[in-house]
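Enquirer: Residues per chain, in single letters:
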Amino acid sequence: MADLTLVEAVNDALHVELARDDNVLVLGEDVGRAGGVFRATAGLLERFGADRCVDTPLAEAGILGAAVGLCMAGWRPVCEMQYDAFSYPCLDQLITHVGRYRWRSGGRMEFPITIRMPYGGGVRAPELHDDSPETYYVHTPGIKVAIPSTPADAKGLLAAAIRDPDPVVIFEPKLVYRTARGEVPDGDHVVPLGRARVAREGDDVTLIAYGAMVNVCEQAADALDVSCEVIDIRSLRPLDEAAILASVAKTGRVVIVHEAPRTAGFGAELAALIAEQAIFDLQGPVLRVTGFDVPYPYWTIEDAYVPSVERVAAAVRSLF
Amino acid sequence: MADLTLVEAVNDALHVELARDDNVLVLGEDVGRAGGVFRATAGLLERFGADRCVDTPLAEAGILGAAVGLCMAGWRPVCEMQYDAFSYPCLDQLITHVGRYRWRSGGRMEFPITIRMPYGGGVRAPELHDDSPETYYVHTPGIKVAIPSTPADAKGLLAAAIRDPDPVVIFEPKLVYRTARGEVPDGDHVVPLGRARVAREGDDVTLIAYGAMVNVCEQAADALDVSCEVIDIRSLRPLDEAAILASVAKTGRVVIVHEAPRTAGFGAELAALIAEQAIFDLQGPVLRVTGFDVPYPYWTIEDAYVPSVERVAAAVRSLF
Amino acid sequence: MPGDALTDTDLLELYRRMVLLRTYDERSVVYHRQGRIGTYAIYWNHEAIQAGATFALTDEDWIFPSYRESAIGLVRGMPAETILQWWRGHPSGWWSPADWNVASICVPIATHVPHAAGLAWGKKLRDEPTVAMAFFGDGATSEGAFHEGVNFAAVMNAPAVFVCNNNQWAISTPIEAQTRAETLADKAVGYGIPGVRVDGLDVLAVYDAAREAVERARAGGGPTLIEAVHYRAAPHATADDPRAYIDLARVEEERARECVGRFEKLLRERGVLSDELVESARKDAEDLMRAGIAAAEAEAPPDPELLFAHAYVDPPGNLRSG
Amino acid sequence: MPGDALTDTDLLELYRRMVLLRTYDERSVVYHRQGRIGTYAIYWNHEAIQAGATFALTDEDWIFPSYRESAIGLVRGMPAETILQWWRGHPSGWWSPADWNVASICVPIATHVPHAAGLAWGKKLRDEPTVAMAFFGDGATSEGAFHEGVNFAAVMNAPAVFVCNNNQWAISTPIEAQTRAETLADKAVGYGIPGVRVDGLDVLAVYDAAREAVERARAGGGPTLIEAVHYRAAPHATADDPRAYIDLARVEEERARECVGRFEKLLRERGVLSDELVESARKDAEDLMRAGIAAAEAEAPPDPELLFAHAYVDPPGNLRSG
Ligand SMILES: Cc1ncc(C[n+]2csc(CCOP(=O)(O)OP(=O)(O)O)c2C)c(N)n1
Ligand SMILES: Cc1ncc(C[n+]2csc(CCOP(=O)(O)OP(=O)(O)O)c2C)c(N)n1
Ligand SMILES: [Mg+2]
Ligand SMILES: [Mg+2]
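Chains as they are written, first to last, in my numbering: chain A, 1 to 320; chain B, 1 to 320; chain C, 1 to 322; chain D, 1 to 322.
Hints are computed from structural coordinates only; laboratory data are not their basis.
From the three backbone atoms N, C-alpha and C, an ideal C-beta is built for every residue, glycine too.
Facing chain B, according to a computed beta carbon distance under 10 Å, are these residues of chain C, among others:
| id | residue |
| --- | --- |
| 1 | Arg88 |
| 2 | Ile105 |
| 3 | Ala110 |
| 4 | Gly137 |
| 5 | Ala145 |
| 6 | Gln178 |
| 7 | Phe308 |
Distance ranges between label pairs, derived from CB positions:
| id | chain 1 | residue 1 | chain 2 | residue 2 | range |
| --- | --- | --- | --- | --- | --- |
| 8 | B | Asp222 | C | Gly77 | 51 to 61 Å |
| 9 | C | Lys283 | B | Glu46 | 45 to 55 Å |
| 10 | C | Arg218 | A | Ala19 | 29 to 39 Å |
With the rest of the complex left out, here is chain A (with noise of 0.2 Å):
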């Protein structure tokens, strides 16, 4: 066990899995040289050589698309996307051809390729370092999807994410890339995809959250006076439907969290399930808190933007 923060804990991933696995290499913007802007990928260059460890021009479509190719050759690639927003212009490969390709060659072929990036708001930063893209990449059939709240998650949900045999996206909160610190498994760790964690137990309500929202979840349970569970989703896709129906059986309420755009909104999926699947669990509506149909804004607003403790709690008083 070591003590580490969360793009700590990302960059032990990275080594233990391409110490693991030669044929696991990284690419992207900045990875090799500088280890990354935020020093996730640092050390695997100067470790594993320029062939595991790829600077690459500035191209994000070229960057996912070249890794569609890698495969091909048998590769694993591990793909860094600088920043939520500067991943966009990879989506065209994401849906057309990495979340089709298998199916394409019917099932034949493996394209194990995984993404990472840093995403959420909160940094005080200049626009489009803010972004909380989820609904992009889950909505794309053949992909899946997690986020990480902790460092343990953080690094064994990559770990899980490069062994997939599917195309993965890991979204790393990087509010809290060095203020989310703590034990963290040495060497091999993997955390399954598909499996939601319960972050604190409680038996009034539910607030389901990820990413950087699940310690606003923790802190809004802690001023609250009402017993909140809090699940921390992690996998996206596939989802842990049983923990979430299991915790609603339970508290008959739920409060759903994230930053990203309420309309669509990952929120509006688990809401949607909830209402289709518990209803008759339920004593009061379904609330999301969520960030707002609107672009996300300059940083000295950005604190109404993103879903915070207040609003949070707000949501869970209104519900009794």
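Starting from the structure of chain A, add chains B, C and D with the ligands where the hints point.
Expert: Just chains B, C and D with the ligands now, kept in the frame of chain A:
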């Protein structure tokens, strides 16, 4: 009034709007010389000249990016994307610029861009001619989205989009381009964004759909012996929440239908809205009948993918 | 002389491949009219490019076709029914690229160019001598994906050959509306790689250019862009009616200069080809197509359960919710 | 001789602009250290490119900056506080492009290139003589958006000037990992437009190249690609620590060749510049910055209600749901 097909109504709207406003221009692949691969832009080049109906290079990001610049020069560009899945290269421009530039200008500049494209399945075409990408668009802040199901609405919503000061995306259900036929008002005809259409009144269950699925719902309604209300959303953003909630208040039962993949599809948003605001009106779970979270298949089995009358009817029956 | 490196046996084999491709195309148009296959992208008179360029490859090399090269697997021995089924929307038309070293037919324009770059680079990293050859049209050169892919290959010094079929039309959009460059081969300059322009109806010229490019790639010299120029002499696809935008007289001229007959004439002049061999090539191709369509039509309709079969190796539990 | 077309008054004005830009940059780094502005993209030693190229424009012409040219509005008289507020994350740092004919600072690489193409084309369609000038880096030339935008402008014969600031680094990625082309100006060939390579530290050479490009554009000759070569002599941004990847000795050399002092020396040699004028240029710039930061800091914090103010002209009714 003229009796037109849906694609003829689109063409009519373009003729009317280009004649009405000299600032409107059409650009896209094959919109000029060929009049569009579905002939939606037929006659525009001849009537308005090569400056107002422009065959562009084969570059969707270039088309939408150029449209941003055209707005800065005072134009109201109408961009055609040749097919749903071929619009994906434009998503980066859409998300990073089209939806944000007015905000970025402090509300001082307008970007009255219209993007229109044929969408949806059932047309027995090779892959990537069948997608329903509305989630990618409607999840993007700053963007409005409308989807007609009738010729009159195809004309009226497109006219509204072109006249709207904000960017609007119109998805045209290509399955019914030539089979949906009906009376279309001559000349000026605007269907305001944000108003749903009650396609059929009923008391026992509300079917909510848009595009080619409205007709599927109507056929299901015919086949069922409960009284179905069919709501044609028409406008996904702005969304006519009042019309949906009023119908749910009346019927207490809901089935939502769309072709797009299920996870975080627009049906999730509709279900979430109902779970949030109409929970105590509900007499049963909110059901979705959708495409699946798999690549849109080869066409010999596409009928198993696209929601069918049978699947919709079965969902309705399960509510009683 | 073009094709100098080829023996008579090679030339005959090349001829047979052209006839095979031509026959596939002509029969497909007929099958489409008969309602036996769906919309089909006609490649009539593109055979010299497809046969000529791939003739420079070994079977270990990878081919990345666009829809315009849908039948290119034929040159590797892929059964005609596989390709016919693809156009019939039947799942047995999907193949595993690894079986033939032929990537899937790429429907979205130019998006396979980075795949070819990645494959070539990935093989090079493994010290395998494989070359990747991607085919695309003139219109494709306007897409960002073309640019990013070729640049990637150039920077990685990847053994890739980019073959641009410049038929001077992208559906109804003429080359002048696509680029202001004098030639598409000129685009190579911006990537720091060789650009070559050849007559796309001269199969030996295409072959020679491809051979040089393949040899350079294999020797560690990096990618090449080949522009094979001709003029589209058939509709874009069966669904297209070019009368609105094309000069039909010009098309007639082009049809008269078609590439299979031209090669046949040359081989007859060189004494390589006889009436008999012409006839046997034609007959073999027709037999293959007859067997292909029969096999395709004999196949059972697919099980709708296939919907859920191949999206994931390890599918999410709720995949059937819908 | 470079800059021949310029009068002494012009030369002085150009010098003042360089000093203004330099002062903005140097003060900004200090303000950042003092916590008075956020992360900041340093453009130290890029002033010759920015001042020189824009000096060839009229005020009707449009400028499309990247984050590297964040302060370029200064040459149009935009207040320093506007730009400072942008870096302070304050909404008064957002301006209307129409007020200054300066587009918003483009943060995602190369995506503004098609905007410049569209503006130039759109103005041409209206018979207005406006030219669009876009700035971007060497790394930007690898993006699809660069390719699509320049190609669009070329095909539309749009009056656009594309200025590539080749500082030979994209954060930590050197130019050799970005392209295999010998020069970035070479990329012009593929678009059928002129490509020009100039010394990016020689403000008059940049100006001359830009003037020729602007004149050609305005005369209906279409776009030009200008590559202004230098070497990044400061970190990518305040958040960047280049020691991991750059040769600091080389950076020191570059810093010694910096462009403002070089121009100052030239102007002194030509007898255009005196100690007094140097001093007054410096003082004016410093006063402007002092006033700018004071004005910025005096402004009230923004109302969070602004969240909902500008996304739509006609917002959906449920915009506040969240
Ligand atoms: C990304 C994308 N945009 C648009 C289309 C629709 N489309 C199919 S073929 C075609 C023209 C292609 O022209 P070219 O690249 O010259 O190839 P050719 O068909 O002439 O062989 C277009 C626009 C597509 N398939 N993919
Ligand atoms: C689409 C996109 N990808 C990645 C980034 C992150 N990023 C910011 S600056 C930069 C390097 C840009 O290099 P270059 O184009 O040479 O311009 P310079 O900064 O050297 O002026 C990168 C990768 C971005 N802003 N946008
Ligand atoms: Mg073509
Ligand atoms: Mg640079």
